[in-house]
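Trainee: Here is what each chain is made of, one letter per residue.
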Amino acid sequence: MKSRPLMLWSLLVLLHGVSIAQLLDPHKLLEAEPTDTWPTYNGDYSGRRFSPLIQIHTSNVSSLALTWMYRVKVAAPMRGVTNPEIKSTPLMVKGILYFTIPDHVFAVDARSGRELWHYDWVDQGGHLVGNRGVGMYGDWLYFMAPDGWFISLEARTGNERWRKKVADEKMQYFTTMAPMAVGHHVLIGVGGDAIDVPGFLEARDPETGELQWRWNTEPRKGEPGSETWPNAAAMEHGGGMTWLPGTYDRDLNLLFWGTGNPNPVTAGQGRKGSNLWTCAIVALNPDTGKLVWYFQASPHDTHDWDNVETPVLFDATIDGKPRKLLAQAARNGYFFVLDRTNGKNIISKPFVPLNWSKGVDASGRPIPDKAKEPTVDGSYLTINWGGGTNWMPPSFSPQTGLFYVNATRGYSIVYLTDASDEPEGYGGFGQPLWSQHVLEAIDFRTGKVKWSHAYTTADGTQGGNSGPGVLTTASNLLFTGDYNGNLIAFNASNGDILWHFPALHSLSNGPETYILDGQQYLVAGAGDTLYAFSLVPHRP
Amino acid sequence: MNISTRSGLAAVFVVAIAGALGPAQSDGSNENSSASAQAQKQDGQRALRTREFLGLGRQPDPQLASNGEKIFGPTCGFCHGADGRGGTGPDLLRSTLVLDDDKGELIGPVVQNGRPSRGMPAFSALTEEQVRAIAEFLHMQVELAENRGTYRVQNIVTGNTRAGEAYFKGEGKCYTCHSVTGDLAHIASKLSPLDLQAVELYPEARSYDFGGTHPPRQVTVILADGKKLTGSLKHLDDFYVSLEDEQGQYHSIAITKGVKAVVEDKLVFHRKMLDHYSDRQIHDLTAYLVTLK
Chain A
1 MKSRPLMLWS
11 LLVLLHGVSI
21 AQLLDPHKLL
31 EAEPTDTWPT
41 YNGDYSGRRF
51 SPLIQIHTSN
61 VSSLALTWMY
71 RVKVAAPMRG
81 VTNPEIKSTP
91 LMVKGILYFT
101 IPDHVFAVDA
111 RSGRELWHYD
121 WVDQGGHLVG
131 NRGVGMYGDW
141 LYFMAPDGWF
151 ISLEARTGNE
161 RWRKKVADEK
171 MQYFTTMAPM
181 AVGHHVLIGV
191 GGDAIDVPGF
201 LEARDPETGE
211 LQWRWNTEPR
221 KGEPGSETWP
231 NAAAMEHGGG
241 MTWLPGTYDR
251 DLNLLFWGTG
261 NPNPVTAGQG
271 RKGSNLWTCA
281 IVALNPDTGK
291 LVWYFQASPH
301 DTHDWDNVET
311 PVLFDATIDG
321 KPRKLLAQAA
331 RNGYFFVLDR
341 TNGKNIISKP
351 FVPLNWSKGV
361 DASGRPIPDK
371 AKEPTVDGSY
381 LTINWGGGTN
391 WMPPSFSPQT
401 GLFYVNATRG
411 YSIVYLTDAS
421 DEPEGYGGFG
431 QPLWSQHVLE
441 AIDFRTGKVK
451 WSHAYTTADG
461 TQGGNSGPGV
471 LTTASNLLFT
481 GDYNGNLIAF
491 NASNGDILWH
501 FPALHSLSNG
511 PETYILDGQQ
521 YLVAGAGDTL
531 YAFSLVPHRP
Chain B
1 MNISTRSGLA
11 AVFVVAIAGA
21 LGPAQSDGSN
31 ENSSASAQAQ
41 KQDGQRALRT
51 REFLGLGRQP
61 DPQLASNGEK
71 IFGPTCGFCH
81 GADGRGGTGP
91 DLLRSTLVLD
101 DDKGELIGPV
111 VQNGRPSRGM
121 PAFSALTEEQ
131 VRAIAEFLHM
141 QVELAENRGT
151 YRVQNIVTGN
161 TRAGEAYFKG
171 EGKCYTCHSV
181 TGDLAHIASK
191 LSPLDLQAVE
201 LYPEARSYDF
211 GGTHPPRQVT
221 VILADGKKLT
231 GSLKHLDDFY
241 VSLEDEQGQY
251 HSIAITKGVK
261 AVVEDKLVFH
271 RKMLDHYSDR
281 QIHDLTAYLV
291 TLK
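Protein chains in written order, with our numbering: chain A, 1 to 540; chain B, 1 to 293.
It is possible that part of the hints are untrue.
[As the list claims (entries may be wrong)] Residues from chain A shown here face chain B by an in silico Cβ test under 10 Å; the list is partial:
id	residue
1	80
2	128
3	194
4	265
5	353
6	376
7	415
8	420
9	428
10	429
11	431
12	453
13	500
14	502
If you are wondering where the hints come from, they were derived from the structure by calculation, not from laboratory data.
Note that this is a predicted model, so its numbers are computed, not measured.
Quick reminder that beta carbons are idealized off the backbone N, C-alpha and C, glycines included.
Please work from the sequences and hints to get the whole structure.
Mentor: This is the structure in structure tokens:
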């Protein structure tokens with residue numbers, strides 16, 4: 001069942017198709033599980049990061065060997081963030097990998113690891129905290145520079161086609177998202193929380209970069225949702241940032257997106273109410289930007305728990321009925337399963353210990369405990385200050401029925417530093433106490449953790465929220481990394497470790513896999529280096 | 001492992017930085033102590049690093065900003081609020097004109113000419129110097145909201161000292177390992193209340209901060225044949241353990257079947273307790289510990 005806008009789009013695709021062969025055939029984007037291409041941030045629109053490839057399997061993974069390495073050569077330290085770190089998931093199209101770090105785009109030969117071109121942006125400010133990668137449409141790449149520029153490049157050359165200013169870095173917006181091509185739209189989101197600014201998601205024209213629609217993550221005065229804010233001024237403080245790519249269901253023609261925390265981040269006294277549409281999962285029409293449904297994960301968040309984590313799409317039979325589902329391991333520590341046709345909740349269950357919520361209401365929405373909001377003298381939380389997980393990509397294997405996430409269990413104490421009636425900025429901070437990183441395999445039917453692996457470390461205490469992502473394959477493998485520089489392959493069913501590789505840095509992106517010249521590759525970014533592995537290193 | 005250095009963490013993630021660079025030390029209660037001096041130094045580093053990370057402009061001049069505050073209040077505060085956060089007039093901390101301004105070159109003309117179409121009168125009597133000071137005050141207001149490295153905790157000592165003492169000597173079981181005349185003697189002269197409140201919960205909590213390192217730990221590695229190696233732990237992950245023995249000899253051992261690394265863990269009890277604290281107990285304990293000058 002295709003919706004009408006997509007039929008029109010298919011026609012456009014056909015018209016393009018007759019002119020010249022494109023690098024990325026837009027139909028690739030609609031394949032459920034492409035294996036010879038990694039065409040989007042998550043590999044496909046479902047966000048599952050599950051590959052049907054089975055050449056590398058549980059019996060031969062122990063002989064997986066390094067094929068090539070590519071190290072980014074840019075001046076270090078980068079402003080404010082020390083060394084370059086690859087957080088992007090490279091696109092792989094027709095034998096070429098396209099990936100980013102802040103201010104830089106690289107095209108690298110997927111067979112040899114040789115650089116083809118390098119686009120170097122000179123920023124005028126903005127955060128260099130990370131960049132999640134490029135989006136692709138036909139022969140064109142899309143990149144977000146840290147100072148609010150949305151840039152299109154020719155994929156063959158790296159030459160710039162055009163640039164559009166989409167956000168003001170002086171207002172502390174940060175632009176780190178991998179643009180996402182859906183139909184005749186390129187979707188771009190923003191981050192920002194140092195100044196209280198409103199969030200939004202935009203669709204732009206792939207040819208010209210012109211705005212098609214903008215969806216605001218807070219209602220304006222009088223609009224639906226405004227009843228969840230005390231007044232228009234509070235709504236203007238904004239938040240609800242959209243800094244990670246969402247997912248897309250072509251049959252429902254719906255985009256699914258996570259929204260970030262409201263502002264001020266930790267001082268909520270000036271914005272009483274649940275603060276829609278922040279800290280929510282929303283379903284939008286990709287052709288109009290209209291909100292179709294929403295589910296709020298953290299009503300009135302005061303803990304900086306952006307709900308941007310990937311909304312992962314899969315289908316399953318529940319009580320004998322086929323269901324279209326959406327699952328998310330949220331930063332607030334809850335694992336959610338929703339019916340993605342209407343947003344109705346099926347499962348809400350914590351995947352890490354937590355005390356910020358008093359349980360869930362009849363609609364599955366967590367009920368925040370007011371006593372656990374940040375206080376001047378410190379409010380004690382039995383969850384990591386950075387949350388139960390973060391942006392690092394999770395994975396869902398339809399074979400095991402397990403949702404895999406790199407989680408953090410921990411304790412913290414949170415302080416309010418701006419107790420005024422009209423706070424501005426963060427207004428507080430959290431003190432981490434003790435935490436531990438754990439890979440968890442969650443049964444989507446129950447929300448219970450079927451198996452977990454606490455990464456062994458020297459001191460037991462592990463800070464930070466760096467992000468090793470997860471990849472699963474149809475050969476029952478799970479690829480991820482620890483926080484000690486090891487890339488690791490697990491048995492996806494039971495958590496046994498089958499392979500590891502000591503890299504120079506810890507895994508900092510979501511690993512990916514594809515087949516090229518009949519060879520299955522595993523590609524992972526760790527620190528400033530991209531590593532490619534295969535069973536028989538391809539060296540002609 | 002890069003968790004012992006702040007720089008390793010800084011690249012990691014924006015909100016890790018929010019947590020890491022956010023914590024501010026001084027609360028003004030230890031004016032002349034070394035704890036206070038050290039805290040002030042750390043505060044300064046935090047503010048600078050957060051400034052660099054956020055890509056903010058130059059650091060505002062506190063004296064000039066203070067001069068500006070005295071002019072801003074009576075002149076501009078009626079509409080924009082004494083703190084510039086808005087009233088009948090707009091919030092100036094989120095004004096692109098203010099954020100684009102450096103030393104009054106954009107703010108100045110607006111102040112001196114007003115914006116009659118929007119009901120803002122001209123303040124043409126203000127000197128250039130006064131306008132410059134007003135601009136600096138606004139930049140400082142932006143700094144204090146935007147640069148979370150400048151945030152300072154207010155009074156966190158709100159608990160009941162006697163209840164804290166009772167908890168220390170009773171339910172909290174702190175006394176089983178600690179003594180207020182031994183290891184904790186004068187602890188409040190060494191640590192700020194904020195630090196005390198963190199370390200009373202988990203002694204290594206503050207080692208997340210600048211330059212902090214975890215103390216060395218002893219490890220015993222039991223090999224497959226039952227032999228044991230003991231020494232100072234160098235590295236441990238799921239695959240390898242390494243140590244330096246008493247003779248200074250370095251050993252690296254693959255953790256294969258039958259090999260076990262047992263790390264000395266003095267904080268087991270602290271971790272168990274983490275599941276049992278209430279906010280009241282924490283605040284009472286802090287109130288007691290700050291008396292240990």
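Trainee: Now, for every hint given, state plainly whether the structure supports it.
Mentor: Verification of the supplied hints:
no., hint, in the structure
1, 80, "holds, 4 Å"
2, 128, "holds, 8 Å"
3, 194, "holds, 5 Å"
4, 265, "holds, 7 Å"
5, 353, "holds, 8 Å"
6, 376, "holds, 5 Å"
7, 415, "holds, 5 Å"
8, 420, "holds, 8 Å"
9, 428, "holds, 7 Å"
10, 429, "holds, 3 Å"
11, 431, "holds, 5 Å"
12, 453, "holds, 8 Å"
13, 500, "holds, 6 Å"
14, 502, "holds, 8 Å"
Checked against the numbered hints given earlier, the structure satisfies every one of them.
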